[in-house]
Every structure is written in structure tokens, then in C-alpha cells.
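Here is how the chains run, residue by residue.
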Amino acid sequence: MSQPAIKINAVHKNFGALHALKGVDLTIEPGEFFALLGPNGAGKSTLISILAGLITPSSGSASVMGFDVVNQYQQARQLLGVVPQELVFDPFFNVREMLRFQAGYFGRGRENDPWIDEILEGLGLTDKAHTNMRKLSGGMKRRALIAQALAHKPPVIVLDEPTAGVDVELRQMLWEFIKKLNRDGHTIILTTHYLEEAETLCSRVGMMKQGEIVALDSTANLLNKFSGKHLRLTLGDVILPAAIESLMRHHEKGIYTFALSDMTQIEYVLSTLRSANIKVLDMQLSEADLEDVFMSLVGKSS
Amino acid sequence: MSGLKYSNQVIVSAFRGPWTLLKKELLRFWRVAFQTIAAPVITALLYLLIFSHVLESHVQVYDGVPYTAFLIPGLIMMSVLQNAFANSSSSLIQSKVMGNLVFVLLTPLTHLQFFLAFLIAAIIRGMVVGLCIYLVAMWFVDLQLANPWMIIAFALLGSALLGTFGIIAGIWADRFDQMAAFQNFIIMPLSFLSGVFYSIHSLPPFWQKVSQLNPFFYMIDGFRYGFFGKGDVSPLISLSIVGASFLVLAWITLRMLKSGYKLRS
Chain A
1 MSQPAIKINA VHKNFGALHA LKGVDLTIEP GEFFALLGPN GAGKSTLISI
51 LAGLITPSSG SASVMGFDVV NQYQQARQLL GVVPQELVFD PFFNVREMLR
101 FQAGYFGRGR ENDPWIDEIL EGLGLTDKAH TNMRKLSGGM KRRALIAQAL
151 AHKPPVIVLD EPTAGVDVEL RQMLWEFIKK LNRDGHTIIL TTHYLEEAET
201 LCSRVGMMKQ GEIVALDSTA NLLNKFSGKH LRLTLGDVIL PAAIESLMRH
251 HEKGIYTFAL SDMTQIEYVL STLRSANIKV LDMQLSEADL EDVFMSLVGK
301 SS
Chain B
1 MSGLKYSNQV IVSAFRGPWT LLKKELLRFW RVAFQTIAAP VITALLYLLI
51 FSHVLESHVQ VYDGVPYTAF LIPGLIMMSV LQNAFANSSS SLIQSKVMGN
101 LVFVLLTPLT HLQFFLAFLI AAIIRGMVVG LCIYLVAMWF VDLQLANPWM
151 IIAFALLGSA LLGTFGIIAG IWADRFDQMA AFQNFIIMPL SFLSGVFYSI
201 HSLPPFWQKV SQLNPFFYMI DGFRYGFFGK GDVSPLISLS IVGASFLVLA
251 WITLRMLKSG YKLRS
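These protein sequence lines are chains A and B, in that order. Numbering-wise, this note's numbering puts 175 at position 175 of the first sequence, and it's gapless, one number per residue. Numbering-wise, this note's numbering puts 82 at position 82 of the second sequence, and it's gapless, one number per residue.
Everything labelled a hint here was simulated from the structure, so no lab data went into it. Using N, Cα and C, we set each Cβ at its ideal position, and we do this for glycine too. Worth double-checking, as some hints may not be accurate.
To be verified - Beta-carbon label-pair distances, calculated as ranges:
(1) S259/B <-> D127/A: 58 to 66 Å
(2) W207/B <-> N71/A: 49 to 57 Å
(3) D289/A <-> Q178/B: 47 to 55 Å
Stated by the list, open to error - Straight-line alpha carbon distances no greater than 16 Å define the calculated EDC-like cross-link-like pairs of lysine to aspartate or glutamate that follow:
(4) K96/B <-> E86/A
(5) K180/A <-> E118/A
(6) K23/B <-> E97/A
(7) K141/A <-> D113/A
(8) K7/A <-> E32/A
(9) K230/B <-> D63/B
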């Protein structure tokens, strides 16, 4: 039986008085495209830094493909590629040199060059290969940063906010490339603030809040579990029948929003309103998205 | 046969990581050689021109050794030491401030491999600067080489000691001004008060005692012994003190790196 790509067991991290991670458990299987979501300060980056060996957990353990990130850090890091959140670069070298160095740190030599060419091509960096990192635009620097994490062809790739401040075109190109890597068998773990990205790309989602995982399920299940569909009805100033009050999410200025788990509830809501002689002035039906789930789980203040 | 090939690959892979880091560190200073090699060579030659012009006819430290000849080994060693320190310390502080040290921290490199790569790069930078000053100084004075092995031993150990000290400073400092304080308040005074420009026998007894507490004094004196076959203290004592100091600093550095002090939290 194959080892999980990532296994995190009861990980706690304290920074002085701050309890940044409060017993996080998480297993990510090989080949998954996983999204880790949460507001700033939820602990996502701390968790990623623990996997990368940049931060040591206060207690608990984490492993990459079965290798403990503390006791077997060499094997664990060999299997992991991490794209840092900050736009950092080495000003002394050009893009190709940096990628060769990065692969070299992991023991890879010239035999790795075809892979470096593939990364450059996939990220649209081929014509910038001999440009000094200092002279690249912000978007190009971001691509180079991603390329560096991939230089040693790691089976598990962690992208920490890779599209922050990146234009739409680059975002599309980046996701196409990452999707291809995922199809080729790489496990992808993504943190992002763009929830629609997570919804489109990821098969499973973990949501963090204040150092804990508050939801962990397939994207489809999370969407179903928390809302299904949204029905927005313009009814005016009315008293809602008690039978459908439980379905109502909120109302404002005569517009009522109902959260429905399936389509049959639409007819139920409308017939109840008809029986109560309430006229529907306008109607909109929309799919719930991850943002609704996210807001309902982590948006409320504790 | 294939098993042998596989084990060769494993060994090559294990060496390639630290070798890559060393290569990157060497290229880093080579790319800015005007600043990292030419500038210290010019500075040393300016010292040589000015001090030898002013003092040549007034000072004789060793019998039969002109002051300019006495001065050159001291200047070479001072430059070797300062540049070995500058190489590892500036590389680390720049990488920390720019944030790109993370690219090395994410790799499987061990703390020993990390240490060796930065150490060897610092030694090579120190040696290259020292060799350049020596080659240029040969135009001014015909320097004797009484004990070349002693010259090599002190240059190697001295640059290793300062390269290691540079790693400690680079790990400890968080800002450029903290690094400048290291340079200006520790490295510069210790190197200027080490007997580069004089023999400590010309100092009052109290200052002779103080000089003997300065590790730079032993490195300069031992290095100079290699040229003239004479020094203020026995070269073996100097070699032992420099060697022991290197081992102590190397141990401290390895402990810092292993614990992740200021690099990993």
C-alpha cells in the first residue's frame, strides 16, 4: 500500500504565547489536488513551513511520502517542492542558472536539463532563460519562483498563494501547467485566497481557522453539505410563513435568500408562499460556491 | 556492475548538493570580482605604497629585512582574513535580507554540507585576494619564502577561521547595520592591532600582553614567519592557537546550523 503524500498528526505550534496550530490532523493521498483555505493568520503558512522544514512543530509529527520531516528531513525534502509566498530571488544569476543550482542542491545534474526546459516552456519563461532575475517583471519573477520549486521534479508540490498579485493571463497559464503536473501524477497542495480557483481545480478542500482545520471534505461534498443552491426571492414587506423560515439564510429590503439542498425544495418554498398569498415579484436561482461555504465556516467571528 | 553504477550515482548525488552550493558561492563573488577581488587588492597596495614610502628609511623590524618586505606578508594576511570573513558574512546577510536563503533551506543539504560550502568559498576568496596581492607586490620587493608550507598552512587556517566567523556573523545579524558593526568594531580593530604594520616587540609591555590576546596577531606573525623564518612567537604556538580557535568556532557554527538558530524557527 502506498504511503500518503502528506500525513500530519496532531501538530501543535506555539510562538511564545501564540498557539498558531492547535492539533492539526491531515492526510493527503498521492495524486490529489488539494486546497488549503483560510483567512490570514489561520495557520496555513505555518503548516506549510513545518512540511518544508522551515519551522519545527512544538509537538506532533508530519511526513512526506512516509518520511518524517524532522528525523528523515533529507528524504522528505527530496520529495517536496515548495513555492514560497514572498516574491524572493537571487539577484546574481539568470533564470536558467538558478534552476540548475536549485536542481543541483537536490543532487541533480545536467541530465535534469530536459526537465528544466519543460518547466521553462510550461511557465512561458523560455525566452527569459538567460535574463538576470533582477531584471524580470513581478509576474515573471513569480513564474521563476514556481519554476525553482519544480526544478528537482518533486512528486509533492506545495504552492503557497502562487497567484497573489498575478494577472489573469498568467494565472490561466499557471493553472494549465499545474493541472498537467497533477495529471502526470504529482500531488498538488495549494493555498489561495481566490476561492473560485480552489473550486475549479481542487478535488478536496481543507479549511483552517485559528490554527484548526474546521472542514475537510471533497469540494463537491462541501458545496452540497453547506448550501446546494441559493434562491433569491423579491417578496416585499411580508411575514414569512413559519414552514419555510428554517430555509431562509437572510433577508434585506424585501429580498429573501433561501439555502436549498435540492431542487424539490424550490417548489416547496413557492407553494408555501402561494398558500400564504404572498406574491413573488422577482426570482433568481444560483449555485452555492466555496465562498458561501468558506464564509459560513470561517467568516463568522468566534 | 549495475550495482556499482548505482552506488556511484548515489555518491555523485550526495556530493553534487554541497558542490552546487559551493559553485554558486564562488560564482557569486566572481560575478562581482571588481568589488570582491580588485578592490581589496587596490586597498592593500595603497597601504603598501603609503606606509613603505613614509617608514622605509625609518623603521627596521628584523635585521636585514627592509620595512616594505616586512609589511607585505602582514598586508597579504590581513586581506586574506578580511575577505574570507566578508565572503561568508555578506553572502548570508544578503540572502537573509533578500529572503532567497529559503531556496537553500528547502533542500536536503545537511548542516555540515552547508557549513563546508560556505567555508570553502570563503577560503578560496581569501586565497585569491592574497595571491593577487602577492603577485603585484613581487614587483616592489624581492620577497624570500623561508617556509612555504607555513605560509600555506597559516593562509588556509586563517581564512578558515575568519570564514567560519563570517558564517556566525551572517547567521546572527538580521540587518546590514548589525553586520557593519561586526566589521567595524571587531574585524577592523583586531586586524589593525595585530602587528601588520609593526612588531609587537616595539610596543610597551602592557600592549604586548594585550596583543597576545588577539588571535589575528598569531595568524599574521605565523604567516610572516613563513616568509622570513623569524617571528615574535614560535610558529607552532601560533599554528596551535589558530587551529584550536578554528575548531572552537567551527563547533559553535555547526551547533548553530544544526539547531536552526535564526534560520529555522
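Hints, one by one, checked against the model:
Remark: the range hint 58 to 66 Å for S259/B to D127/A is contradicted by a beta-carbon distance near 44 Å. As the Cβ distance of W207/B to N71/A is approximately 53 Å, the hint placing it in 49 to 57 Å holds. At roughly 49 Å, the beta-carbon separation of D289/A and Q178/B lies within the given 47 to 55 Å, and the hint holds. Using a Cα cut-off of 16 Å, the hinted pair K96/B and E86/A holds, with the two alpha carbons roughly 13 Å apart.
About 12 Å separates the Cα atoms of K180/A and E118/A, which keeps this hinted pair within 16 Å; it holds. About 11 Å separates the Cα atoms of K23/B and E97/A, which keeps this hinted pair within 16 Å; it holds. About 20 Å separates the Cα atoms of K141/A and D113/A, which puts this hinted pair outside 16 Å; it is violated. Between K7/A and E32/A the alpha-carbon distance is near 13 Å, which keeps this suggested pair within the 16 Å criterion.
Proximity of K230/B to D63/B is assessed by CA-CA distance (about 10 Å); at most 16 Å being required, the pair is judged to hold.
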